[in-house]
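A.B. asks: The sequence shown begins at 0 in numbering that gives the first Met the number 0 and counts up one residue at a time.
Hint data in this document are derived by calculation from the structure and do not stem from the laboratory. For each residue, glycine too, the CB sits at the ideal point set by N, CA and C. Take the hints with a grain of salt, since some may be wrong.
To be verified - Label-pair distances were calculated between CB atoms; the ranges are: (1) 70 with 256: 28 to 38 Å; (2) 158 with 63: 25 to 35 Å; (3) 150 with 238: 21 to 31 Å; (4) 15 with 140: 40 to 50 Å; (5) 213 with 147: 16 to 26 Å.
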Amino acid sequence: MPLIRLIDGFLYCSHDYWIEAADPRTKHLPLIESGPERVLTILSMYLIFVKIVGPWLMRDRKPFMLRGLLLVYNIFMVVINLFIFYNILKRIDYGRRFLIFKFPDPNDVSPDTLYEIKIGYLCYLTRLLDLFDTIFFVLRKKENQITFLHLYHHTMVPLLGYMTLKIAPQAPVVGLFLMLNTFIHSVMYLYYALAAFGPQVQKYLWWKKYITQLQLLQFAACGFYSLIMIFLQEGFPPGLFWLGFAQNPFFFYMFYDFYRKSYRSKKLISKSDKSL
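Based on the provided sequences and hints, a complete structural model is requested.
C.D. replies: As C-alpha cells, then:
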C-alpha cells in the first residue's frame, strides 16, 4: 500500500539510514551514536521553551540581569572557540587540505585523524551550548532578539553538525566552515563578554556590525567553495552535499537582510537627519 511504503520510507530516512551510513569512527559518540531523534528532541525542547514556556514563566516577572553568569559563559565560549580554531588552523597545511575534494576514507584511524574528529565533535557540543544564548534572552526578556534568523541558525547548525559528524566528519568543506565559524564565534562572544560589563564599556563596542560582515564573508567563502565542489567532489552523499550547499545562500540572504535593516538603514536615517 502507498501509505505503508510512505511510512517505511519516512522511518528509514529518519533513523535507519543514519545507522547504515554512519562513519565507524563517530558512531559511538554521545548524541551521535543513534539516529537524529536525540538532537531533534533537544532542539524541539529548546524551541518550545524559548517560544512558549519561557515567555509564559517570565510574563509577570522582572528580567534577570545575569551579568556574572553571562560574563563567565561568554569568556568560556571565547576560550573554547579559540581552542578549536587554533587546532583546525594548524592542521590545514597552509590551506592545501581544502584542495582535496575526494570523500575522506572512513577507515582512516590514524592518531591525527581521530584527534581531528574529536575537535569536530567538540565543536558540535559547543554549538549545542550556543542554545543558551536564546535562553538567556528569554530570562532577560530580550524577545526582540529572538528572530527567525536567530532560531533558524541556532537549530540548523547543530542539526547539520550531527549529519556531518555521522557521515562525513573529515570533509574538507566542514573543516573550512568550522575554521571560519569558530573564529567568528570567538569575536562574537568577546563582544558579548565586554557588553556584560554594562554601559561604561558598551559605549566602546562600536564594532558590532563587523561581526555580521565576518559572517557574510563566511557564507560567501563556503558558498564559493561549495560551487567548486559541484564539479570536483568525488563520493560525497548527494543528499548531505546539496542540503549543506543550499544553506550558504540562504544564510547569506538572511544575514544580509539583518545587516541591511540593522546598520545600513540606521546610517541612511542618520544622514537624513543631518541634512535637515
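A.B. asks: Verify the CB-CB distance for residue 150 and residue 238 against the hinted window 21 to 31 Å.
C.D. replies: With Cβ atoms ~24 Å apart, the hint holds.
A.B. asks: Can you let me know if the beta-carbon spacing of residue 158 and residue 63 is within 25 to 35 Å?
C.D. replies: holds, 29 Å
A.B. asks: State, for the Cβ atoms of residue 15 and residue 140, whether the hinted interval 40 to 50 Å holds or is violated.
C.D. replies: holds, 43 Å
A.B. asks: Does 28 to 38 Å hold as the CB distance between residue 70 and residue 256, or does it fail?
C.D. replies: holds, 31 Å
A.B. asks: Does the Cβ distance between residue 213 and residue 147 fall inside 16 to 26 Å?
C.D. replies: The hint (16 to 26 Å, Cβ to Cβ) holds, given that residue 213 and residue 147 are roughly 21 Å apart.
Of the hints listed earlier, there is not a single one the structure fails to meet.
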